[in-house]
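With the hints as your guide, set chain W onto chain X.
Sequences listed follow chains X and W, in order.
Take the first sequence: its letters are residues 1 to 251, numbered as in this note's numbering.
Take the second sequence: its letters are residues 252 to 502, numbered as in this note's numbering.
Keep in mind that the hints were calculated from the coordinates and are not lab data.
Among the hints, a few may not be true.
Chain X side only, calculated, beta carbon under 8 Å to chain W, not exhaustive [as the list claims (entries may be wrong)]:
#1 2
#2 220
#3 235
#4 239
Even glycine gets a Cβ: it sits at the ideal position worked out from N, Cα and C.
There are 2 protein chains.
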Amino acid sequence: MNLILCEPGELGAEGIVTLTGVRAQHVRTVLRVRPGDRVRVGVIDGPKGRGEVIAIEDDAVVLACALDDPAPDPPAVDLLLALPRPKVLRRLWAQLAALGVGRIMLTNADRVERNYFDTHVLDEATYRPLLIEGLQQAGDTRLPRVSIHRQFRPLVEDELGPLPDGERRLVAHPGASSVLTLAGTSGHRPVLLAIGPEGGWNAFELELLGRHGFTTIGLGSRTLRTDTACVALLALLHEALCRDEGAAPPG
Amino acid sequence: MNLILCEPGELGAEGIVTLTGVRAQHVRTVLRVRPGDRVRVGVIDGPKGRGEVIAIEDDAVVLACALDDPAPDPPAVDLLLALPRPKVLRRLWAQLAALGVGRIMLTNADRVERNYFDTHVLDEATYRPLLIEGLQQAGDTRLPRVSIHRQFRPLVEDELGPLPDGERRLVAHPGASSVLTLAGTSGHRPVLLAIGPEGGWNAFELELLGRHGFTTIGLGSRTLRTDTACVALLALLHEALCRDEGAAPPG
Chain X
1 MNLILCEPGE LGAEGIVTLT GVRAQHVRTV LRVRPGDRVR VGVIDGPKGR GEVIAIEDDA
61 VVLACALDDP APDPPAVDLL LALPRPKVLR RLWAQLAALG VGRIMLTNAD RVERNYFDTH
121 VLDEATYRPL LIEGLQQAGD TRLPRVSIHR QFRPLVEDEL GPLPDGERRL VAHPGASSVL
181 TLAGTSGHRP VLLAIGPEGG WNAFELELLG RHGFTTIGLG SRTLRTDTAC VALLALLHEA
241 LCRDEGAAPP G
Chain W
252 MNLILCEPGE LGAEGIVTLT GVRAQHVRTV LRVRPGDRVR VGVIDGPKGR GEVIAIEDDA
312 VVLACALDDP APDPPAVDLL LALPRPKVLR RLWAQLAALG VGRIMLTNAD RVERNYFDTH
372 VLDEATYRPL LIEGLQQAGD TRLPRVSIHR QFRPLVEDEL GPLPDGERRL VAHPGASSVL
432 TLAGTSGHRP VLLAIGPEGG WNAFELELLG RHGFTTIGLG SRTLRTDTAC VALLALLHEA
492 LCRDEGAAPP G
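Bound-form chain X, shown alone:
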C-alpha cells in the first residue's frame, strides 16, 4: 500500500480522516507509524498529498491530511475485454487498476462461456475493493469505470459506433502482426484496447471491430493467457504513449 485512499465523504473538516479496518491495520503494523509521522494519502478520483498521524487507537488511526497534489490525469487507455473466467478476472482487477485504465468494458463474445456472467466477481461490492487495492499499490487515485455488456454487437455498433476523431482503437489477436503498430498513437486520447477470450475473437467479431475502426495488433508468435496478455499489452501501450510524447517535438 503505497498510498492510503479515502472515499471523498470520509474527509471531514480541515482534512481530518479516521481510518479503520484494513487501512488502519496497515498503517499501524506495516508502516508502524507514530503520532507526528506522515503517510501518503489520496482521495478516490481526487487529489493526493500527505496525512499526519494525530492519534492512534486500538482499531483506528486519525490523520490530518493536506492534499496539495492535484488529481492525476485520467489514464489514456480504455479496455474492452471479453469476459474472462471468474478466477482470472479476480486476479486481474487490482492489476488493471495498478497499470492504469480509464474504463473497463467487459463484454460477451462467441467464445465466452455464458455462466461466467453469473459470478460475484462481477459485483461492484467484490471488484471495487480490488480496484482500490491496485490504485493504492500504484499510487494512483483514478478509479476505473466498469461496465458489463451481455451483447457484443449492440455494444460495438450502438455504444461505441464509428471511430471518433482523435481516438484510436486496437484489437489484440494471437498471431497478428507485432505490436510495432502501437507506434503512432501520439496525440490519440483515449486509446481503446480490445482483448478477446482465451480462444480468440471469431471472424464475425473481428470483422465487426475492424468496421468500427479497430486496428489488429499481436504479441508475436506466442499465445498468452488473458491475464498475462492484458498486463503485457497495457504495459506496451503505456510505454508507446510515453515514447511518442517524449519523441514529439516541443510545441
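For chain W alone, coordinates are given in the frame of chain X:
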C-alpha cells in the same frame, strides 16, 4: 493448451507417443479429436510438429508425431528475481514460461522474508508442471532453467561476476527513469533483468548490482506488484529486442 509437450523419453520408435492423464483428457474433451486428426506437438527443449491421432482409449490417446520444425531459439532474456511471496510465485511460473525466459534465478534480498524459502512452490515437482503449462499455452518448447540462491552477494560477485562482453544487465527499481533505456539492447544476448522484492532493493544491493554492470530502469511513477512488474517488464523487453532487430540495417 496450444501445444502438447512431451518429455524427450516419451517418444518411441517412429515418433509414437501415448498421452495419459491431463494431456489425454485435454485432447479428448477440449480438442475433441477423432482418429486421423492432427494436433500440435513438441518435445521439451526440442523440436515441434504435428501428431496424428492413431488411437483413442479410455484414459489414453496415441499419437504418431512428425516433428519437422526445429527447436525454437532459446529466449533472449534471463531473469534475476528476488524471491516473491509463495502465492505470487505460484502464479508467476506459468506466466514467465509463457512470456519466454532462459533462466530464472531466484535470490534472497534484504526485504525478502526468510520463510519464503521454505515453500514447496520452490520444489521442482511443483514448479516444473507449471512451467510446462506456460510453454504449452505459448507454443514454446524451451523450459526455463531455475536456480535458487539463498545469498545475494556471492550470487552477484562470484556467479555473475563482471559484465561479459555482448551481454546486457538491467535492474528494475520503482521511481527510476523510464524504460526508454531499453532501447539499444540490439545485439546483446542474453539480457539479464533483475527485479527486486515488494519493498524494493536496498541501497547496498542496488550499488552491488550497479558495480556488476546493471543499468537501472523503471516503469514510470507507478509501483507495481512483483507479478505485474515481471509480466510488464518482460513484455517491454521482448518488444524492445524485436524492435531493435526490426530496425537494424540488414547485414
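Hint check results:
1. 2: For residue 2 of chain X, the interface hint holds, since the closest Cβ of chain W sits about 5 Å away, which is under 8 Å.
2. 220: 7 Å, holds
3. 235: 3 Å, holds
4. 239: Holds. Min distance 6 Å.
Violated hints are absent here; each numbered hint is respected by the structure.
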